[in-house]
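Number of protein chains: 2
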Amino acid sequence: MRNIKLTVAYDGTSYHGFQEQRGTGLPTVQGVLEKCLSELAQRKVQVIGAGRTDAGVHARGQVINFDAGGWNIPTEKIPLAANGILPHDIAALNSREAPGDFHARFSATAKEYRYTIHNCRVPDPFLRRYSLFFPRQLDIGDMRRAAAYLIGEHDFSAFKAAGTPVKSAVRRLYDIRIEPGEIIQLFFRGNGFLYNMVRILVGTLLEVGLKKYPPQTVLEILSSGDRTGAGLTAPPQGLSLMKVWYDNPA
Amino acid sequence: MRNIKLTVAYDGTSYHGFQEQRGTGLPTVQGVLEKCLSELAQRKVQVIGAGRTDAGVHARGQVINFDAGGWNIPTEKIPLAANGILPHDIAALNSREAPGDFHARFSATAKEYRYTIHNCRVPDPFLRRYSLFFPRQLDIGDMRRAAAYLIGEHDFSAFKAAGTPVKSAVRRLYDIRIEPGEIIQLFFRGNGFLYNMVRILVGTLLEVGLKKYPPQTVLEILSSGDRTGAGLTAPPQGLSLMKVWYDNPA
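In the order they appear, the protein sequences are chains V and R. Per numbering that gives the first Met the number 0, the very first residue in the first sequence carries number 0; after that it's consecutive. Per numbering that gives the first Met the number 0, the very first residue in the second sequence carries number 0; after that it's consecutive.
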């Protein structure tokens, strides 16, 4: 086995998420990567991804791993070869050989997601695929105060899509950083994220920013464990998986 | 007549150019604008555009004009109303009332186009719709020297698409500015542009940048008037109409 760790970026607009949905025929990022890598390796290649991004969600630093055993190509040439046949909305950025037990998803110690909000009265056609257009005034100070309550280890049951069973909803958020401007960027770094968690966190922070409730209310939402108390799920096109860590992320 | 000057931006990826092609059923920016404005005005609205951008070419500062006579809406509210029903890849930026004889195309004194080249070994899925991916080394100094020969008033017959009849191919280029980097941006400002002229100029400057011929060869190409001497037509997705002037552009 030659275990390759490959960093990839993709525009998720045209895909039904990262994860292959066998038998559905829906286009997925994993499906396209497996098809292209299998074509290059001339045998069936299975891909493991660090983050199972949803339909329409993007990635600038998704990490995958796969077995390139028997494929006669130097590790560092894999991105160039892959980019030669990948569609234009998926790119291989860099590759290196990882230990045999490296698993893109289970070995990850932290991930960072970015959510982009175009906070301007006038829409921009070049941002619409990559941001939420939100032309209302937001109180960034209140959003930051609410975000501060969310940092740390919590049961995030109130911030996961209803009806998605998990063994434990406890996750640790290391940091939430909010960069203001006409383009507001929210960065979420944590040891793991529940289904739709970032998008529900964003929806909730938007409600705080609109002053629908004060920052400390997110503490009540958090402790209630009740999804219906949190904000709407922000739309997918604003979200991007930026980076995956495999060492101490602190 | 109430003559409205409206600045619009669009992602041209999904359109067969700006200009409506009656009877073809192909989607055009003009067609969509006319449909939306007619819907708002509740009568047929005809749109005149400053630049007839090609299929796949974008605009950040296209200017149109149309008659809003009888349409009961304050001029400054038109962008908001239009953006409410325009598709996400077209946006109305700002509007003002112009003199009755204002014509978006014939009144224009200058236009600026930008061509974007992603000059990097690794492709970026988020730039592919808006740039030419060109992972080869370019001599920016030579490209700038060649560009300097093109500034001024010339017969640009060698830099127009073959088989496009015009009364005169004489145009004045006020400026060509090349900003280097991983993202190279070429800005062309002139009093008018022939069909495909910017894209052929870019194709030619790329050949100079690759050192296929020295900068001064563009003078020979220019004076030959022969399209076959110039470079290939650079693809449309790198091109964007940035600004239109209606006063002294010097």
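By construction, these hints were calculated from the structure, which means they are not laboratory data. Check each hint, because a few of them may be wrong.
A pair holds if it fits inside one copy or across any two, identical chains being indistinguishable in the list.
The calculated lysine-lysine pairs, modelled on BS3-like cross-linking and capped at a C-alpha distance of 30 Å, are [to be verified]: (1) Lys76 to Lys210; (2) Lys76 to Lys43; (3) Lys166 to Lys34; (4) Lys210 to Lys166.
Outcome of the hint check:
no.	hint	result
1	Lys76 to Lys210	between (52 Å within a copy, 27 Å between copies)
2	Lys76 to Lys43	within (19 Å within a copy, 57 Å between copies)
3	Lys166 to Lys34	neither (32 Å within a copy, 53 Å between copies)
4	Lys210 to Lys166	neither (34 Å within a copy, 62 Å between copies)
Checked against the numbered hints above, the structure violates hints 3, 4; every other hint is satisfied.
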